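Number of protein chains: 4
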Amino acid sequence: MTHKIELRVRYEETDRMGVVYYGNYLVWFEIARTEFFRALGILYRELEEKDGLRLMVAQAECVYRSPATYDDVVTVQTDISEIKNSSLSFSYKVFCGARLLAAGKTSHVFTNKEGRPVRIPDGVRKAISSA
Amino acid sequence: MTHKIELRVRYEETDRMGVVYYGNYLVWFEIARTEFFRALGILYRELEEKDGLRLMVAQAECVYRSPATYDDVVTVQTDISEIKNSSLSFSYKVFCGARLLAAGKTSHVFTNKEGRPVRIPDGVRKAISSA
Amino acid sequence: MTHKIELRVRYEETDRMGVVYYGNYLVWFEIARTEFFRALGILYRELEEKDGLRLMVAQAECVYRSPATYDDVVTVQTDISEIKNSSLSFSYKVFCGARLLAAGKTSHVFTNKEGRPVRIPDGVRKAISSA
Amino acid sequence: MTHKIELRVRYEETDRMGVVYYGNYLVWFEIARTEFFRALGILYRELEEKDGLRLMVAQAECVYRSPATYDDVVTVQTDISEIKNSSLSFSYKVFCGARLLAAGKTSHVFTNKEGRPVRIPDGVRKAISSA
Numbered sequence: 004m005t006h007k008i009e010l011r012v013r014y015e016e017t018d019r020m021g022v023v024y025y026g027n028y029l030v031w032f033e034i035a036r037t038e039f040f041r042a043l044g045i046l047y048r049e050l051e052e053k054d055g056l057r058l059m060v061a062q063a064e065c066v067y068r069s070p071a072t073y074d075d076v077v078t079v080q081t082d083i084s085e086i087k088n089s090s091l092s093f094s095y096k097v098f099c100g101a102r103l104l105a106a107g108k109t110s111h112v113f114t115n116k117e118g119r120p121v122r123i124p125d126g127v128r129k130a131i132s133s134a
Numbered sequence: 004m005t006h007k008i009e010l011r012v013r014y015e016e017t018d019r020m021g022v023v024y025y026g027n028y029l030v031w032f033e034i035a036r037t038e039f040f041r042a043l044g045i046l047y048r049e050l051e052e053k054d055g056l057r058l059m060v061a062q063a064e065c066v067y068r069s070p071a072t073y074d075d076v077v078t079v080q081t082d083i084s085e086i087k088n089s090s091l092s093f094s095y096k097v098f099c100g101a102r103l104l105a106a107g108k109t110s111h112v113f114t115n116k117e118g119r120p121v122r123i124p125d126g127v128r129k130a131i132s133s134a
Numbered sequence: 004m005t006h007k008i009e010l011r012v013r014y015e016e017t018d019r020m021g022v023v024y025y026g027n028y029l030v031w032f033e034i035a036r037t038e039f040f041r042a043l044g045i046l047y048r049e050l051e052e053k054d055g056l057r058l059m060v061a062q063a064e065c066v067y068r069s070p071a072t073y074d075d076v077v078t079v080q081t082d083i084s085e086i087k088n089s090s091l092s093f094s095y096k097v098f099c100g101a102r103l104l105a106a107g108k109t110s111h112v113f114t115n116k117e118g119r120p121v122r123i124p125d126g127v128r129k130a131i132s133s134a
Numbered sequence: 004m005t006h007k008i009e010l011r012v013r014y015e016e017t018d019r020m021g022v023v024y025y026g027n028y029l030v031w032f033e034i035a036r037t038e039f040f041r042a043l044g045i046l047y048r049e050l051e052e053k054d055g056l057r058l059m060v061a062q063a064e065c066v067y068r069s070p071a072t073y074d075d076v077v078t079v080q081t082d083i084s085e086i087k088n089s090s091l092s093f094s095y096k097v098f099c100g101a102r103l104l105a106a107g108k109t110s111h112v113f114t115n116k117e118g119r120p121v122r123i124p125d126g127v128r129k130a131i132s133s134a
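Protein chains in written order, with my numbering: chain A, 4 to 134; chain B, 4 to 134; chain C, 4 to 134; chain D, 4 to 134.
By construction, these hints were calculated from the structure, which means they are not laboratory data.
Keep in mind that the hints are not guaranteed to be accurate.
Note that identical chains are pooled: a pair holds if it fits in a single copy or bridges any two copies.
[Stated by the list, open to error] Calculated lysine to aspartate or glutamate pairs in the DMTMM-like style (CA-CA distance at most 25 Å, straight line): (1) K116 <-> D75; (2) K96 <-> D125; (3) K87 <-> D75; (4) K7 <-> E117; (5) K53 <-> D74; (6) K53 <-> E64; (7) K96 <-> D54.
Since the model is a prediction, treat every value here as computed from it, not as a measurement.
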């Protein structure tokens, strides 16, 4: 499943080079993950609050191709690129219209509150598989 | 007691107007509060972690006079402007050299973890009074 | 005219108190201004890029009533509270459902690129007056 | 040359998981680059303002090992890992005491204001080589 969200660039997200600050793409990836889960019927917030789980970030990367600036509408396209016992990876592409701005990947581990890796919950695994 | 800290402006803190984004002054005020307490021998972190307290923000304001940009070294000058049973207020002045950039104020309430107001701890009150 | 926008709280906007960091309300106010103008048919981006104008922030304040956390949907309700020759003020109320989270105000001056105050453009003034 | 800076974690940099938000490591890398250059006698700000250059980010990555939280003092250790005609790469290690928090890398291209790649200035190249 490829999931898409649209975001409008905030003034705060730009820097004095006139473009979106590079760290903010990781913020957009985070929003994309939340909405990816929501599209599968999973509320990440409830995984935290009800199930005491955490989706820790183990790795993040981003290749920057073209800049975005204030008031641009960008699309973040998200896929699951890997799923294992307790870990999963997302890949992202960020577009402004047809122009590719950036491509990235984040890897995560499901843990309990104490930070110990746990099996990905069956509900999450099934929702992802059937997507 | 007037307490001073120095900060160097981060690239990330600027926006496409070329200057520090207005919301970041509130971040600087937060750092100034932490260091104000530290100068009094109080670790705000321990108030949270050991004493289960929270210093909630009730109000914040800032008047902007002159902009700062990347790599500027700014000074934040902090005072306690009011102290009551469970609340206290800080006032701030931000300078770049002799140039006044901004002046602000934040008001806070000490609460427990559940968000209920509590008396300011005696240790904190004494440290502030004797300063 | 009262204008409303909805925002979903980003994980990044929370802090270790579990709630939205106080400085982020100023970011939401900024988004609300952009969308307020858009609703009047004014693109603030074009005021900057085509007309060489800047809407400098002269003052900002916020009273915090109740916290928001990750994944909450908040509404920011925006009004123009004052308009003069070269300055104007916005007032804001932030809600989560019926619960008032915060109320704020920002004051601004229209300037040219060099930071010199200029008359509010007629188009902007008319759009605001007729709203 | 390995260059080290120390940073104290800001409250704003934490998220509701109680730890530093993953995107903020890229902010710390940016500060580390500025200070790396300064240690070589190069003011990145002047490269922008006097020489009209930009150090665009082409790629960024970070592996997260262990979390940091508010008020921790972290050390960012920076090296140049590659230097070519118009591009260069930095590698970073972030520690809290002896504990490795994260390791990352960023790749950059020197461009002019229009975003066209340019040769790394001789002064920068020499300063890096002799370091």
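Here is what the structure says about each hint:
In this assembly of identical chains, the alpha carbons of K116 and D75 lie at most 25 Å apart only when taken from different copies (20 Å versus 38 Å within one copy). Taking the shortest Cα distances, K96 and D125 never come within 25 Å of each other, neither inside one copy (27 Å) nor across copies (36 Å). In this assembly of identical chains, K87 and D75 lie within 25 Å of each other by CA distance neither inside one copy nor across copies; the values are 36 Å within and 30 Å between. Proximity of K7 and E117 under a CA criterion of 25 Å is satisfied in neither setting, with 32 Å inside one chain copy and 31 Å between copies.
Proximity of K53 to D74 under the C-alpha cut-off of 25 Å is restricted to the inter-copy arrangement: shortest distance 14 Å between copies versus 36 Å within a copy. Taking CA atoms no more than 25 Å apart as the test, K53 paired with E64 passes in neither setting, with 30 Å inside one copy and 32 Å between copies. Taking the shortest Cα distances, K96 and D54 never come within 25 Å of each other, neither inside one copy (30 Å) nor across copies (33 Å).
In this structure, the earlier hints numbered 2, 3, 4, 6, 7 are contradicted, and the remaining ones agree with it.
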